[in-house]
Amino acid sequence: MKTVLHRLSPFAIALARMLVQATGIVVVVFLLARLVPGDAVDVKGLEGDLTAAQQVALRHELGLDRSVPEQLVAWSWRALKGDFGDSIRFGRPVSGMLGTALPTTLLFAALSFALGLGLALALAVGAVTTGNRVLRELVNLFSVWSIALPTFCVGVIGILVFSVWLGWLPVLGSMNLPVIIIGIDSAGVIVKPLHEELREAATSAHVRTARAKGLAPWRIALRHLLPTAVPVMLALSGLVLTSLVAGTLTMEVLFGLPGVGSLLLNAIHGRDYPVIQAAILVIAVALVVINAATDLLHRLIDPRMTS
Amino acid sequence: MSLALPSEVGGAVRRGLSPRTVIAALVLAAIIALALAAPLITPFDPLDQDLLALNQPPGAEHWLGTDHMGRDVFSRLVMGARTTLVVGFGGALVAFILGAGLGLVALSFGRAAETAMFALIDLVRAMPDVLLALLLIVALGAGAQPVMIALGIAFAPFFAYVARATFHREAVKDYVTAARLFGGGRLHVLRLHIAPNLVGGLITQAAILLPRCVVTESVLSFLGLGSSPDQPTWGRMVADASHYIETSPHAILAPVLAIVALTLSLSMIGDAVRRRLDPLRAADEAAL
Amino acid sequence: MTGPLLSLRNLIVSAGGRRLVDGVSLDIEAGRTLAIIGESGSGKSLTALSLLGLLPEELVVDPATRLTIEGRPLAPRDEHGWRALRGRRIAMVFQDPMACLNPFMRVAAQIDETLRRAGITSPSERRRRIEDGLAEVELPDPAALARRYPHQLSGGQQQRVMIAMALAGEPDLLIADEPTSALDACVQADIVALLARLQTSRRLALLIITHDLAVAAALGHTIAVMQHGRIVEDGPAAQIIAQPRHPYTARLVGSGRLFDAVTASPIPLRHVVATAENVSIDYTARRLFGSTFRAVQDASLFLVARRTVGLLGESGSGKSTLAAALAGLRTPSTGSIRLLGHVIGPGGKPLPNALRRRCQMVFQNPYGALNPRLTIGRALAEPLALAGVPAPARAGRITRGLREVGLDAEHAARYPHQLSGGQRQRACIARALLCDPEVLICDEVISALDMTVKVQILELLKRLQGERGFAMLFVGHDLDAVRWISDEVLVMHRGRIVENCGPEDLNLAQVRDPYTRRLLSARLISPLERLWQEARVERPQSSEVAGAETTPVV
Chain A
1 MKTVLHRLSP FAIALARMLV QATGIVVVVF LLARLVPGDA VDVKGLEGDL
51 TAAQQVALRH ELGLDRSVPE QLVAWSWRAL KGDFGDSIRF GRPVSGMLGT
101 ALPTTLLFAA LSFALGLGLA LALAVGAVTT GNRVLRELVN LFSVWSIALP
151 TFCVGVIGIL VFSVWLGWLP VLGSMNLPVI IIGIDSAGVI VKPLHEELRE
201 AATSAHVRTA RAKGLAPWRI ALRHLLPTAV PVMLALSGLV LTSLVAGTLT
251 MEVLFGLPGV GSLLLNAIHG RDYPVIQAAI LVIAVALVVI NAATDLLHRL
301 IDPRMTS
Chain B
1 MSLALPSEVG GAVRRGLSPR TVIAALVLAA IIALALAAPL ITPFDPLDQD
51 LLALNQPPGA EHWLGTDHMG RDVFSRLVMG ARTTLVVGFG GALVAFILGA
101 GLGLVALSFG RAAETAMFAL IDLVRAMPDV LLALLLIVAL GAGAQPVMIA
151 LGIAFAPFFA YVARATFHRE AVKDYVTAAR LFGGGRLHVL RLHIAPNLVG
201 GLITQAAILL PRCVVTESVL SFLGLGSSPD QPTWGRMVAD ASHYIETSPH
251 AILAPVLAIV ALTLSLSMIG DAVRRRLDPL RAADEAAL
Chain C
1 MTGPLLSLRN LIVSAGGRRL VDGVSLDIEA GRTLAIIGES GSGKSLTALS
51 LLGLLPEELV VDPATRLTIE GRPLAPRDEH GWRALRGRRI AMVFQDPMAC
101 LNPFMRVAAQ IDETLRRAGI TSPSERRRRI EDGLAEVELP DPAALARRYP
151 HQLSGGQQQR VMIAMALAGE PDLLIADEPT SALDACVQAD IVALLARLQT
201 SRRLALLIIT HDLAVAAALG HTIAVMQHGR IVEDGPAAQI IAQPRHPYTA
251 RLVGSGRLFD AVTASPIPLR HVVATAENVS IDYTARRLFG STFRAVQDAS
301 LFLVARRTVG LLGESGSGKS TLAAALAGLR TPSTGSIRLL GHVIGPGGKP
351 LPNALRRRCQ MVFQNPYGAL NPRLTIGRAL AEPLALAGVP APARAGRITR
401 GLREVGLDAE HAARYPHQLS GGQRQRACIA RALLCDPEVL ICDEVISALD
451 MTVKVQILEL LKRLQGERGF AMLFVGHDLD AVRWISDEVL VMHRGRIVEN
501 CGPEDLNLAQ VRDPYTRRLL SARLISPLER LWQEARVERP QSSEVAGAET
551 TPVV
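Chains as they are written, first to last, in this note's numbering: chain A, 1 to 307; chain B, 1 to 288; chain C, 1 to 554.
Treat the hints with caution; some may be incorrect.
Unchecked claim - Short, incomplete list of chain B residues facing chain C, as computed with Cβ under 8 Å:
#, residue
1, Leu192
2, His193
3, Ala195
The hints are simulated quantities; they were obtained by calculation from the structure and are not laboratory data.
Heads up, the beta-carbon is just placed ideally off N, CA and C, and yes, glycines get one too.
Just need the whole structure built from these sequences, with the hints factored in.
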């Protein structure tokens, strides 16, 4: 499938891969959610306000008495139209709940993502072009930081220091501290590979040629070094997104931000399966779409990949 | 000439253990020792609630104080080390067996099996590990074993990728072609030429993933999705104490520092292992 | 101009206490060509980089080093001072043009940078100069070519762009570091001829760094020979080649001279061990609607015991694919291969293992052909174990095998990286011979080796063939080596065998195929001799250089 499309435009490849992955994820999420013993009606039944006849009627209404593939198709079709059913706990449409939660999460993730990429790029380019020892050590520090310090631990310490002891920030509801924490964490995920790639590029033949031409250092950095860094960063941004998901979840819970993460966690604790399914699906598919977009961008930027 | 330059310039390669690695290994050994000796050294039952001593600061009786339910923080920390280590390491082990096993089986059955298997694995990788683990826990239920399995499935692809990359890197080598000319079959090539290269890569990958497994475990238990409530874990301790951060910061600092000490030492050891075993680096050293 | 353009005294470059360049002194005169020749690791490229202040940061330059440019001293690490010179006074062309051009910038933009640097402010003037510069290096349709990206050019075109870019700043000195070694034979000759013409027409000072005596002899007014970081001999080109004084130079020149005597052994056809009949081999593209690529088209040959067939061609000509098919590693798409009585055809049965062992291969890169994790002894035990030789009997055979190729029993305990390139190739040959092959296929076996080692390996192969009587297929791109070792030469071009003749007939007087004629005339000396004769009037030392006609490096 992929090989046929290779001859078509890079856009088609990115799109096809995206569709295949998204479809796969829909199936996986749906089937895994079906693994759960008992369905939504059982859960309601446990609350004790449904008769057996009502349960059967409700099952039929929700389509739970049909075969699994049929349910999958029906559910996917409705999901495609933005209809994820109703929340079991609150009885409200899941799409509405997602709609309220999404802006917070999107804003938070976008800010952290931008901060992370910006920090990583600035640090890596700075360390390579200046050869500054402090910057090089910072690259290592950021990297170890993101591997070894879970964001929720940093968050807790942050609350302790800035909110409790110094009293600078409110404990809950503020986005400043979590964005900085996740920004640093995201930067740490990619700064080391980015730095290594840039350092290799700096000793590469075409940068040496640029030096042999007598070009000024800033021009070499801008025209000959950065173009090699951008594709690398795009390739690495997938890693950032992955770590961003974990970070967003924990930060929303810790700092009481009303985003998709909080929604998902509450739903898991309340066994609100339609919400769980929808939230996981939205996050996973969003990631697939963003990854496809960066892949496409990569192909458009690099002249070697278009011809 | 320009190609020969790196080996000319390479200079001294550190052979011995750096002090950093030694300290990390000592910290890890101490944590493992505490976890092993837990029942012998815990002064209190980690689940016992002393309602007369809530949120006690560290002192002679409760070395690290008590939490908001009057439970002894030190005892909970030591018992929590067991859960964290078992689940984190167990998850990595499951991932190792699952990933390397499926990868190798697919590779030994030829191209079609390989394509099919890795399409599936790519699909798993398309979901971030925490999200996938979360979904699996929802499906499998909470508890130490489901978390281990969830971690194993989420991290297995990395091992499969290592197996595939090693296989394809080695399969095109001239010495593998030569082995075919000597009459060697697929098994001979796997055993003599590919397996030795694979071991290093897999161990390196395991060393890199161990801290990530431990971190993911603590994130999951922080989110309340780890092991069952009667098993203290460090992540859950942080979550529990976070609501009482103003009154008893010690109850939160203790598990946070424990997690950081464990993951930091694991990642330093992982880095040392990677330096030692990384196939590319080993090749560079051999060229010297 | 009085005094040398550039004068280097006592250059010492070291890494980790080891001296990579050890007291090199040289002068470069305006309008003259100096060629530095040496094998890999001799320090010649570092010497070149030091003349542009481009030595890698981690290397230490000894403070005793003195460098003057037009009488003005310049410190090796004075980045500011160097930057004023780079591109405008001194320019450089490197080995691998594909890697040296920025893949993200069009050709025009890359040359434009040099022109700006040279202070040409008018955009229309720069555009004119870009096209003129590309025309000067003999590139067709400069306007269209300037708009391309590097990956859209051939290797030869890329190197021409590099030269145009280097010359755009109108430098006095052009340094070319192995400018032809990444290119095919025909292209190599063109680039060398171009450099010679440019040197004359622009009256450039030219510094050529090369491992190839033919290139050095073709271009250099003077030649300096480097070994282990020192200049062991230097002087006028003709003198170096006609009367080498230093033993290393003598060996270098002698390696070339060996190929002078081409003798085909007139052994009658006796025992045909392998044949290829009308073999075509396709690479099926991995995409569904992709066209298949025909690597070998309708090739026929036969191998006879005790005789060597040389298969000559440049990279991509299909010669290695054909060799792999003869070894039974690849089934032909049409036609058939008969190996020791077994027929390999399209969809045919695979070769039985016992038979497969009778046909062995030796590969281009001896490092890649030996598993770095196995000692030489264990590597040599592999074919024995697979042939069912019991473990106790193996050691003796391994020792005998090593001695046969000129290695010692003690080499069995070493790892590949502990051996030199030549020793590794000997070990590979020993390993192949442990199978007692009737056919030995040598795929570019000498091209990764230094000149003096090449000759030793060739002589070894010839001796072993005499002793053991195997049939040999010698695949290579080096015309002289193939001609020297072969009893029959096949020339391959774009998948077809275009010429088939005895080695003594492989000359312009006898050969009719146009590609083979091009290959023969590409051999560096002949066109350059003509060129020098044309340029004799302008070049002050040309009578001396023309003496290089007698050069044995043919």
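Taking the hints in turn, this is what the structure says about them:
1. A distance limit of 8 Å between C-beta atoms decides the matter here; for Leu192 of chain B the minimum to chain C is near 7 Å, and the interface restraint holds.
2. The beta carbon of His193 of chain B is positioned within 8 Å of a beta carbon in chain C (closest approach about 6 Å), and the interface hint is therefore held.
3. Contact between Ala195 of chain B and chain C, as hinted, is not supported at the beta carbon level, the nearest pair being about 10 Å apart and thus beyond 8 Å.
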